[in-house]
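Sequential numbering of the sequence shown, starting at 7, is according to our numbering.
Be aware that a few hints might be false.
Quick list of in silico lysine to aspartate or glutamate cross-link-like pairs, DMTMM-like style, CA-CA up to 20 Å [said to hold, decoys possible]:
#: 1; residue 1: K21; residue 2: E9
#: 2; residue 1: K21; residue 2: D8
#: 3; residue 1: K21; residue 2: D64
Please keep in mind that the hints were generated in silico from the structure rather than gathered at the bench.
Computed from a predicted model, the values in this text were never measured in an experiment.
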Amino acid sequence: MDERYVIVDSDTGLKLTEEQLDERSAVAIVELRRRGVRVGDTVLICLPVGPDLLVATDAVIAAGGVAWPVPADLGADTLRERIQASRARVLISDLPQAIEAAEESRVRIVMGVADLSALHVPGADPEAPPEGGPAND
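Could you build the full structure based on these sequences and the hints that come with them?
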């Protein structure tokens, strides 16, 4: 049976199949919930176009969140304005300029791509909010 690709990264050549997307998204959903993301929460996603952006967006939507993509190539001032305008409390990004801009906003939870692929701790409840409560106050 032929593998069906959902995205091919033109920079790296990395190909992601439907099955791989589902697997990576499932892990990311658990991590989002462990960090306090709940239905209706706005989650900023500032990643370059590629497989990680697709996984993050898919996971946020599947977790019931609202995905708010922010282009990774925005200038610092525009990036800061967009992050502040979102009023989001969660950011997924590995970009230093996005993380810095988030420090001046309502964002309280910053996750990198590696955080979305972390293995879930056996026996932990993915529905239980982390210490400090849910993502949105």
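Hint check:
1. K21 with E9: 10 Å, holds
2. K21 with D8: 13 Å, holds
3. K21 with D64: 16 Å, holds
Checked against the numbered hints listed earlier, the structure breaks none of them; every hint is satisfied.
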